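Chemist: Given these sequences and hints, build the entire structure.
Protein chains: 2
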Amino acid sequence: MRHIVAALIPVLMPCLAYGASEGRPPGRWEKWSAREGLEPKRSYSRKRNTWTMSGNGRPMRHGGWDLHWDDAKPGRWYRFEVHCEATGIDSIQESAHAELIFWKTKDERANWFHVSFEKTAAGRYRFSSQAQMPKDAIRATARLMLRWTGKGSLKWSDPTLKEIAPPSERKIKVAIITGRPPGTSVEANMKFMEQLIREAAKEKAEIICLPEVITTWKIKEAAQSVASPIPGKETKVLSRLARELKVDINLSMHELDSDGLVYNTAVYIDRDRGIIGKYRKVHLAVGERWKGITPGDDFPVWETRFGKAGMLICYDNVHPEGHRILSQKGAEVIFLPIMGDPRAVGNRAYQKWLEIMSVRAMDNHVWMVVCQNNGDRGVIVRPDGEVIAEVDPGNGFAMAEIDLNFRYDSWIGSDFLNRNWGERRPAVYRRIVEDK
Amino acid sequence: MRHIVAALIPVLMPCLAYGASEGRPPGRWEKWSAREGLEPKRSYSRKRNTWTMSGNGRPMRHGGWDLHWDDAKPGRWYRFEVHCEATGIDSIQESAHAELIFWKTKDERANWFHVSFEKTAAGRYRFSSQAQMPKDAIRATARLMLRWTGKGSLKWSDPTLKEIAPPSERKIKVAIITGRPPGTSVEANMKFMEQLIREAAKEKAEIICLPEVITTWKIKEAAQSVASPIPGKETKVLSRLARELKVDINLSMHELDSDGLVYNTAVYIDRDRGIIGKYRKVHLAVGERWKGITPGDDFPVWETRFGKAGMLICYDNVHPEGHRILSQKGAEVIFLPIMGDPRAVGNRAYQKWLEIMSVRAMDNHVWMVVCQNNGDRGVIVRPDGEVIAEVDPGNGFAMAEIDLNFRYDSWIGSDFLNRNWGERRPAVYRRIVEDK
Chain A
0 MRHIVAALIP VLMPCLAYGA SEGRPPGRWE KWSAREGLEP KRSYSRKRNT WTMSGNGRPM
60 RHGGWDLHWD DAKPGRWYRF EVHCEATGID SIQESAHAEL IFWKTKDERA NWFHVSFEKT
120 AAGRYRFSSQ AQMPKDAIRA TARLMLRWTG KGSLKWSDPT LKEIAPPSER KIKVAIITGR
180 PPGTSVEANM KFMEQLIREA AKEKAEIICL PEVITTWKIK EAAQSVASPI PGKETKVLSR
240 LARELKVDIN LSMHELDSDG LVYNTAVYID RDRGIIGKYR KVHLAVGERW KGITPGDDFP
300 VWETRFGKAG MLICYDNVHP EGHRILSQKG AEVIFLPIMG DPRAVGNRAY QKWLEIMSVR
360 AMDNHVWMVV CQNNGDRGVI VRPDGEVIAE VDPGNGFAMA EIDLNFRYDS WIGSDFLNRN
420 WGERRPAVYR RIVEDK
Chain B
0 MRHIVAALIP VLMPCLAYGA SEGRPPGRWE KWSAREGLEP KRSYSRKRNT WTMSGNGRPM
60 RHGGWDLHWD DAKPGRWYRF EVHCEATGID SIQESAHAEL IFWKTKDERA NWFHVSFEKT
120 AAGRYRFSSQ AQMPKDAIRA TARLMLRWTG KGSLKWSDPT LKEIAPPSER KIKVAIITGR
180 PPGTSVEANM KFMEQLIREA AKEKAEIICL PEVITTWKIK EAAQSVASPI PGKETKVLSR
240 LARELKVDIN LSMHELDSDG LVYNTAVYID RDRGIIGKYR KVHLAVGERW KGITPGDDFP
300 VWETRFGKAG MLICYDNVHP EGHRILSQKG AEVIFLPIMG DPRAVGNRAY QKWLEIMSVR
360 AMDNHVWMVV CQNNGDRGVI VRPDGEVIAE VDPGNGFAMA EIDLNFRYDS WIGSDFLNRN
420 WGERRPAVYR RIVEDK
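Respectively, the protein sequence lines represent chains A and B. Residues 0 to 435, numbered by numbering that gives the first Met the number 0, are exactly what the first sequence covers, in order. Residues 0 to 435, numbered by numbering that gives the first Met the number 0, are exactly what the second sequence covers, in order.
Because the hints were derived from the structure by calculation, they are not lab data. A few of these clues could be false.
Identical copies look the same in the list; a pair holds intra-copy or inter-copy alike.
Taking lysine-lysine and the DSS-like style, the derived pairs with C-alpha atoms no more than 27 Å apart in a straight line are [stated by the list, open to error]:
| hint | residue 1 | residue 2 |
| --- | --- | --- |
| 1 | Lys328 | Lys435 |
| 2 | Lys134 | Lys161 |
| 3 | Lys435 | Lys170 |
| 4 | Lys105 | Lys72 |
| 5 | Lys328 | Lys290 |
| 6 | Lys46 | Lys172 |
Treat the numbers as computed from the prediction; the structure is a model and nothing was measured.
Modeler: If you want it as structure tokens, here you go:
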């Protein structure tokens, strides 16, 4: 990497103008490019407190400004923020890129992170990131880049680094239930599950997860005869139970809507607020399709009391798109009631089933909480693909503590949650939303 | 499932009008819907030889016509074809659906397949499918459906079932090479690889695969100093070698383009035609980005002499989108030169690396042919996730026969290649191409 050191421009803005809670401007800055020959045009306006970069007519520029905070303190947590005005840029993800870098020496990184962004107005974006300065770091740098384009311009303004409190702990005890309900009636199935829910609550579970279409499991009548509205009789029983036991509960069940359509619907019930999430299975199993179950058309993410979560159901797991979308939307946990996987056959059937769960977790840096029907093994998989809980076959449950602050690091630095989303290239993926 | 049997309409079109090579029209037909209450409006026009279905104002219809061929012969191969004119339909994949079903009894399937489609003109589509009638089947049925919409209409015309020859065998011997080239010069690396290529060719390899950036591997100079144009000196040497040894060769190497930009580029060389495919790495590794390598922006698929193939490079494997797009475009094999995977760490490092390869293969029903650098294990993974070849660490190669006609069946019928693409719901995936 090559640093092109610009003449140091005197910093005239008095730091006194910024309170501690306001964040501090950089102490100095210099030009940077990925290598000689890739530089964009760059300028700095003291008056406007802006760092500008633009295409110079040559393709695929990759460079910008390095802004330094030499007074950042090792071990402390910081929030970096900068505003960006983009003109003539096709994709912000591609071409307006920022990284927060902590240096061990002048050239060696202690750690680094992609800075994420959100749109604040037409052509305007807020870039921000929170990170801990490593104990062996000597400096914090915000690298602001025009990247992989030869046109358009970016005006970055008001960069600040602000010390913040370390993030608070976010751990949840999650129970995954399996079992073989009698299947004689919805009421009998509900009673069966209530028993297991009570046992899991006794063990201090905070979220209790049930398998797929569990209220109508093994019932012989057609789904449309035994499906219920949501909210309806079954969710009322479960909401009461959630309130009584001070737990959250999720499951999938057959839903009858006001048009007479039947869905396989996942429900997330908060102990106080009742139903806070409803998801209608998007990828129906073959048998469901042929029997006239109707699919959903959205992958919603919900704010639970613990963090962001979404649900998928069984055959959804065959298509990686659902997990991707939930995670893009910020889901930290995916609850997945499931009967099996048509690829999990042969000698390595269970192994393959586990591999799929593990790779879904790794690809999206998400917790996979999987409840299998019929007394089969359910699992809780960490974002690094490690199975941390597995329920024994039969009627019962397993429990594990989920740490929502868990980050899956790698030798390259940053963490995989940050890198996964910072390094995606959605502008190149358009073919995915076309028919085959 | 409920079959609503319509009065049999006399079939007046004489079969004599169709030669054997032309395909035969159905002998009879009846109405079908997924269940009572989901029927669309339907009509049949003898004059126009069309079966029509349309929304009736109620949401999410799911039904249409079953067209029967009672004279189809067990064990024979057939091509089914029908034309579809769509009006007011948002998504063909969602709402114009056809299945080819072979019945064992009146209600029990022997096997079945989604019928794929291609656009022939505005609002017009050709649906077609090839399949073998199972030996225990008594009848072939084409099920033509309006699905999951309450609006628009479909006019299906000229359905035919035509006996065809069984598909011919398509097997290839593929060699995956690994090794530690000296890294003293591009020429020395080329010599090193030539030796291994000659050995693999002696063992009758038909495609020989090399690892990532193998021409400049371990060379200390910056990539821009040692990169070559493509075509250029190195690809000329490899093309000559391919011609001499009667093999295809693929690899990745540093490419210098006419703008002075440097790419990590995969090249596929046919023995007679020379370079038939070039792919520029889309997802750069962190180090590449920081050193000013430029990314590509396309996932091309090539017609090799054996079948359709595409390539990805190393860090591309972290993002499932590339594999998805190549497979959507019809790739049967993905060649992947790779150094490692940042998620493959800890006790289960190699196991995790394998799991990722295995799930990529399963998710997309594609052969994964993976060459690792630095004398590390490469693998060939079958579309059902089974590793069928693994190269020993060190300098050498492994070889396996790849059967491009391999299909990964499941207990539900059809095969997973057919089901994977027939059951995707791209209309619901739009969030994937947005920034996080």
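Chemist: If a hint holds in the structure, say so; if it doesn't, say that too.
Modeler: Against the structure, the hints come out as follows:
no.	hint	verdict
1	Lys328 <-> Lys435	both (25 Å within a copy, 7 Å between copies)
2	Lys134 <-> Lys161	within (17 Å within a copy, 73 Å between copies)
3	Lys435 <-> Lys170	between (42 Å within a copy, 25 Å between copies)
4	Lys105 <-> Lys72	within (16 Å within a copy, 76 Å between copies)
5	Lys328 <-> Lys290	neither (32 Å within a copy, 31 Å between copies)
6	Lys46 <-> Lys172	neither (53 Å within a copy, 67 Å between copies)
Hints 5 and 6, counting from the list given before, are not met by this structure.
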